[in-house]
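Peer 1: Turn these sequences into a full structure, and let the hints guide you.
One line per chain: the protein sequences are A and B, in this order.
If you read the first sequence in our numbering, its first letter stands for residue 1, the second for the next number, and so on.
If you read the second sequence in our numbering, its first letter stands for residue 1001, the second for the next number, and so on.
FYI, nobody ran anything at the bench for these hints, they're computed from the structure.
None of these values were measured; they are calculated from a predicted model.
Just so you know, even glycine gets a beta-carbon here, dropped at the ideal spot from N, CA and C.
Each hint should be verified, as a subset may be incorrect.
[To be verified] When the alpha-carbon atoms are kept at most 30 Å apart in a straight line, the in silico DSS-like pairs for lysine-lysine are as follows: (1) B:K1067 / A:K90; (2) A:K12 / B:K1030; (3) A:K136 / A:K62.
[Claimed, not checked] Derived, one-sided and incomplete: chain B residues facing chain A with beta-carbon distance under 8 Å: (4) E1019; (5) D1021; (6) H1023; (7) L1034; (8) G1060; (9) G1064.
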Amino acid sequence: MKNEMQVEFDAKSVNEGFARVTVAAFLTQLDPTLDEIADVKTAVSEAVTNAIIHGYEGGEGKVCVSCRLNGNQAVITVEDEGVGMEDVKKAMEPFYTTKPELERSGMGFAFMEAFMDEMQVESASGIGTKVIMTKKIGAKEEKDRDGCGDSAH
Amino acid sequence: MECKYQLNNGCMRISMPKEVDHHCAEQLRKEADLLIGAYHVRRLIFDFAGTEFMDSSGIGVLIGRCKNMGYSGGEVSAEHLSERIQKIFVVSGLHKMIRVESDAQEEPN
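Peer 2: Next up, the structure:
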């Protein structure tokens, strides 16, 4: 089954919770485990926080979050039209941060990589950043259900 | 923000909010540092009993307080971690920086 949603909101920190809860709510149709939901919420929160702090540097702008379901795979995109990054590879190094004064841990990208199956970053200086993350949902659940089915017969 | 601070004899317990993200990080950081300085806190306990969500912004706050407490020779620990928060601690390596009190080892009282 294919299904898609998209939300756009102001680059304000109060919307970080809104963004992760919205994606999580959309994913419930795939019957995810609590762990999968928590993983996705963390990854979305990291990407949206990056857009607000780094993309727009705390200023005004719009963040666009979309989620596309293709079978049991979720493709989540977080996009901003902020300052972008010159060196994506450098930005993705664990503990690297351009804003240590804000006590950024430099673990945002590492978290996205750890909690999602795949992650891709497209960024251009002065144009913006797009993070595309994919995760298979319900893989574990399927196994559990098979197990239950056996015992029911 | 539903964060509470308990002070007792140089020991401060911070009841962490339900969601520890960038949105609440700044306030948490400011309040904690103010209290740590004003009351000469020697021992800091992060209590995660009410926390359901934390991302890397929360990690930043914890590492920052750890560093500050370290300069003054203080102690930092974390308590009542849910399975999810434990996972966040392990993925970030925070469990190597902060002593985590496991619920099983706690003295019943």
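Peer 1: Please check whether B:H1023 passes as an interface residue: C-beta within 8 Å of a C-beta belonging to chain A.
Peer 2: Cβ of B:H1023 sits 4 Å from chain A, so the hint holds.
Peer 1: Quick check on B:L1034 please, does its C-beta sit within 8 Å of some C-beta on chain A?
Peer 2: Cβ of B:L1034 sits 15 Å from chain A, so the hint is violated.
Peer 1: The hint names B:D1021 as touching chain A; please verify it with the least Cβ-Cβ distance against 8 Å.
Peer 2: 5 Å, holds
Peer 1: Is it true that the CA of B:K1067 sits at most 30 Å from the CA of A:K90?
Peer 2: 25 Å, holds
Peer 1: Would the stated hint for B:G1064 survive a check requiring a Cβ distance to chain A of less than 8 Å?
Peer 2: 4 Å, holds
Peer 1: Hint validation: B:G1060 versus chain A, beta carbon distance must be below 8 Å. Holds or violated?
Peer 2: 4 Å, holds
Peer 1: Holds or violated: are the alpha carbons of A:K12 and B:K1030 at most 30 Å from each other?
Peer 2: 19 Å, holds
Peer 1: Are the Cα atoms of A:K136 and A:K62 separated by 30 Å or less?
Peer 2: 28 Å, holds
Peer 1: Let me know if the C-beta of B:E1019 comes in closer than 8 Å to any C-beta of chain A, holds or violated.
Peer 2: 6 Å, holds
Hint 7 alone, counting from the list given before, is not met by this structure.
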